[in-house]
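*Asks:* Each chain, letter by letter, is given below.
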Amino acid sequence: MTIGPNIDARHATALPFVIAWIVILVLAGISAWTAFLAIGIWAPVVQFGIAAIQTALLFILFMRLKGSPSLKWIFAGSGFFWLLFLYGLSMTDYSNRQGWPPTQISSQPPRQGDIGGD
Amino acid sequence: MSTTTFEGMPATEPRAATEPSYLTSENTIASWLFTRDHKRIALMFFASVTFFFFVGGTAATLMRLNLATPQGLLQPAVYNRMFTMHGIIMVWFFLIPSIPTTFGNFFIPMMIGARDLAFPRVNLLSWYVFNLSGLVVLFALVMGGADTGWTFYTPLSTVYADGYVFAAAIAVFINGFSSIMTALNFIVTIHRMRAPGMTWMRLPLFVWGIYTVSVVMLTATPVLAMDTFLLAFERFTGIGPFSVQHGGDPILWQHMFWFYSHPAVYIMILPAMGVVSELIPCYARRPIFGYTGMAIALMSLAILTFFVWAHHMFVAGISVYSAILFSLMTFFVAVPSAIKVFNWTVSLHKGRIIFDAPMLYALGFVLLFTLGGVTGLMLATLAVDVDLHGTYFVIAHFHYIMVGATVSAFFGALHYWWPKMTGRLYPEMWARSAAILMYVGFNMTFFPQFVLGYLGMPRRSYTYPVEWQSWNVLSSAGASILAIAYLLPLLYLGWSIFFGRKAGPNPWGATGLEWATPSPPPTHNFGDTPIVTLGPYSYDPENDTFIDQEGVSHAR
Amino acid sequence: MPADARLEIQFATLEQQGDTAQVGMWIFLVNETIFFGALIFTYFLYRLTYPHEFAAAAKDTVFWAGTANFVILVTSSLTMVLAINAAAQEERPNQMIGWLIVTVGLGFLFLGVKGYEYYLDILDRVVPVVHFEVKPGEGSAGELFWVFYWIATGLHAIHLTVGIGLLLYMLLWRIRRGEITPAYYAPLEVVGIYWSFVDTVWLFLYPCIYLVGRS
Amino acid sequence: MYHWIPFWPDTAAVNAVVVNNLYIAELGLSAVIMVTVLAMMLTYCVRYRSNGTASRGHRLERTWHFEIAWTVATLGVFLIVFVWGAQVYAWLYEPPPADEEVYVVGKQWMWKVEHPGGQREIDALHVPVGKTIRVVMGSEDVIHSFFIPAFRVKHDVVPGTLETVWFKADKTGVFRLECTQFCGLQHATMQGEIDVMSGADYARWLTSQGVHESLAEQGADLFRAHGCSGCHGQNSTVHAPSLTGLYGTMVHLQDGSVRLADEAYLRDCILNPRSFTVAGFPPVMPDFAGQLGEDEVIKLIAYIKSLGSKQESLR
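Heads up: the sequence lines are chains H, G, E and F, in that order. If you're matching positions, the first sequence starts at 0 in numbering that gives the first Met the number 0 and goes up one per residue. If you're matching positions, the second sequence starts at 0 in numbering that gives the first Met the number 0 and goes up one per residue. If you're matching positions, the third sequence starts at 0 in numbering that gives the first Met the number 0 and goes up one per residue. If you're matching positions, the fourth sequence starts at 0 in numbering that gives the first Met the number 0 and goes up one per residue.
Bear in mind the hints are in silico, worked out from the structure with no lab data behind them. Careful: at least some of the hints might be erroneous.
Ranges between beta-carbon positions, derived for each pair [what the hints assert, rightly or not]: (1) E:A156 to F:F65: 53 to 59 Å; (2) E:L167 to F:A278: 55 to 61 Å; (3) G:P195 to E:G114: 25 to 31 Å; (4) E:T160 to G:I483: 50 to 56 Å.
Here are some chain G residues the structure puts well away from chain E; computed CB gaps all over 10 Å [stated by the list, open to error]: (5) E25; (6) L42; (7) F53; (8) L73; (9) G526.
The C-beta atom is built at its ideal place from N, Cα and C for all residues, glycine as well.
My request is simple: use the sequences and hints to build the entire structure.
*Replies:* Next comes the structure, spelled out in structure tokens:
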């Protein structure tokens, strides 16, 4: 499984990279534009969604995952995958810990026993 | 170099016997300090971690000495600094680096048939960074030490502690770079440098152990790095994400800390499991029971270990539902460990068992690990943990795993591979006595602590009520036996370097590729790259023969 | 593959050596991703907890500087890729050097803009502890936002500086000694992967820092 | 008993009995596992020692069904223990209706106890036997952990919030109170005594403390002294939420969320009111973070609770 220096057609042209560059910048423009709209929770959702797409473009094209063996794809994804553990499992605590967050965002009233009231 | 062969071994000349051994090829100090040879770096790591083992051990000795009397012999401030330094040094400067940086460094390339690790310079840099962090922690120790416990819980560590917490946290931060560099090197090496024919399912289980531990190190350490960075920042400036005054959450520190530090327990135990999986088939002279299951268990431990960290926080005030989820995950993580214990035990079935010192250490490992494991189950049970958390029961439990099991495996590996590393045999009777002494001393030290824990003796206390003295004295007495058992190998192994019998290339009749080289091996391990045709552990107890991984059959 | 001075003893071929280096960099980036991810985790936690305070605090960030730096970094990633493209082709060594110099220049430009932004921040009294003024609506949690701001941008700037150092090492040492050729330019690719990753970090820091509390 | 070698701690509360049963069951399970492993190992070691003559032929080769059986069996046993433990845990951390309440503040390195009647103790806690006691805990500095070994009750006391545990002692006597979270230099001495008394003794003890003002009365003084009564008082003209009957109700906040008005909520409201603006009220209350100590907050909460509660209607 030797993967040589990448002397092949995809290096011959700069066009895909320039297109990706333009797409990233346009997406960034949309992202910045949403910041000025009063769309509440949707603004960060759109912004971080766009950041994810931009990251995918950078990883696949600029960092040359495209055409690479699956090993590199696995490692490129595994950092984000492991972060899911940290984010997801921590949130099982923060989403319903007694008195956290101090202002509860969910409109679900906390269960009585969870609070330790009465 | 020696070409003496083991009794009964076919007198095939080991490869590249003409090349000088890695120990004697160059003899200047610079040739060691700037070496890129994984074997020399492994020995340098061995020297470093042994030094820190005895620094941490000295702190432990002082602690047990203090606890021999109820009112304590040391000043409270000194005792607090001792257990903090004992924890920090033993965890980050001995247990985590011990097996990977010494035996991993030395034997991973040899076991997979490579001439070196993928990035030898990074490997050397890792050693320097490790020692830099060691200097910082020694600086903190000499200047007065830190008094927070190795867990650095906020806000004690950020605001109230008056020791050198900043320096200690920075030392841990720097130490992380060393871990990451070593882990990265192993992962790349195992992926890309295997000899022809060395498929994943032909890897020795030690290589699997090191691979999984590297994955855990690589993915857990950055969270600790960020956590200690933020802690040092908050300690320095007075504001940070753990600051209660600014609306921060002190429990966030615990979440991020245990996100690393629970997997850290597996960083300590996975390579030890790998070692034991090498020792048991070799000395039982039969293939390991359930190779595939063992490899899968290692991998699933490496993943599952990330799902259980909040079981250190069941009484910390986290959400009850979250605690229940983490408890369930903890029971799941116990399953692969149970599989491994079962497989090791069954691996003795119909073997031809030789009770040499490494085997004694390995059997001790299995028993101590099992006891540590079942008490871990008790701690994973939510209601029982409420009672036992923060008591000596926890201390006893994790010492059974981290000291009983991991250090046993470390010494087992040391004896097993000593002939390969130095070219000399160790004195067998001395080694057996040390192994038995260690087992006795260890149980005598830590078993009483289970009782003390259930009686309610809180950890990290320099004083305790008089009625607990009998247990504590027993524990301290055991600790002195344990200290002797740890010092003994230093003496007889040191003696054997100069006066031990010369070892042949394969004194134990083992199957791994590392035994296909002369002892000690030449600088670049293999003259020509070996071609692997078989999985590991092709021992045949019926006829007392074995087939090495290149497919050559030997009578033992 | 003939014996080559650049081939290290543990590898069989230059291909294996080059590819191993790239895999090594990707594995290093796993670690970097989690490092920054853990920092952004603390950010998300407190932003969810104190949305109003964070919005009030983030309003004072310098929007134009963050956006300009976004463009600069993405562009530098492009020029880096073009340099590697040129490196792969025999006839264009000067183009490669040219693109690399542009990349280094953009890196320095980023640091310049960042430095000027820091200067504006100091004028605005948003340096926690040493030079901080609580603005209306920020509460005490607003200071947490600024702690995140300084740590995140500071760590990012350190990473970018390391990237510039690697590029200069390539330009002034490896390329000058003729070690980067169309037959073996893996070191340049490894630096390119790292450079684009530093860019990736900014993709996430930008909405975290500059796009909060603007509406 | 051999008093000089204690094997088993005191068991003096209903909580402790329940935990003990689980603990004993797990000890039994552990013993079974250990003995199995040890017996297998010893048998094999003796039978298959290197110079033993036992047959080595017909080793187990197809092993997967052994492994699956072993795995499923252990998983099943583990799940039973897990469910048992989780049930007890939820029960331990869900306080039932309390007969008595006490307030505990952890401070380097002492436990400060305040009874609702205004009686104060340091490193000691007097409670009546056979009553459900609810302990509301706060910390003034670092994380402490409130632990009574004889009751098997433990909870960390984290600064910045209030935590609650409960217990019901079923034996009179003096038991240990400990801090099990390392909290600085004299952590080891942050210990006290739980004095479980009969109801009559307890009543006598309460009256013998020479206290003039109950906790709620002290809170009322603070309520006036800090100007709270100016807005929250009966005759105030400022538009502020009424506190009468607040405790134990569900409060609708400005941001649409609903919170149960328990101790932790009241504490947060006093110290950081702007994060908890009640729906329909202007956010004008100054925050008292840094102005009130934990024990003062506890007095204020006791006062607010004394203004009537809806506890009964909740149950």
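*Asks:* Does each hint hold? Answer for all of them.
*Replies:* Hints versus structure:
1. E:A156 to F:F65: 53 to 59 Å: Once the Cβ atoms are compared, 58 Å apart, the range 53 to 59 Å for F:F65 and E:A156 holds.
2. E:L167 to F:A278: 55 to 61 Å: 60 Å, holds
3. G:P195 to E:G114: 25 to 31 Å: About 54 Å separates the Cβ atoms of G:P195 and E:G114, which means 25 to 31 Å is violated.
4. E:T160 to G:I483: 50 to 56 Å: The hint (50 to 56 Å, Cβ to Cβ) holds, given that E:T160 and G:I483 are roughly 52 Å apart.
5. E25: At roughly 15 Å from the nearest Cβ of chain E, G:E25 sits farther out than 10 Å, so the non-interface label holds.
6. L42: Consistent with the label, G:L42 stays out of reach of chain E, its closest Cβ about 18 Å off (over 10 Å).
7. F53: It holds; G:F53 is separated from chain E by about 31 Å at its closest Cβ, greater than 10 Å.
8. L73: Holds, since 37 Å exceeds 10 Å.
9. G526: 12 Å, holds
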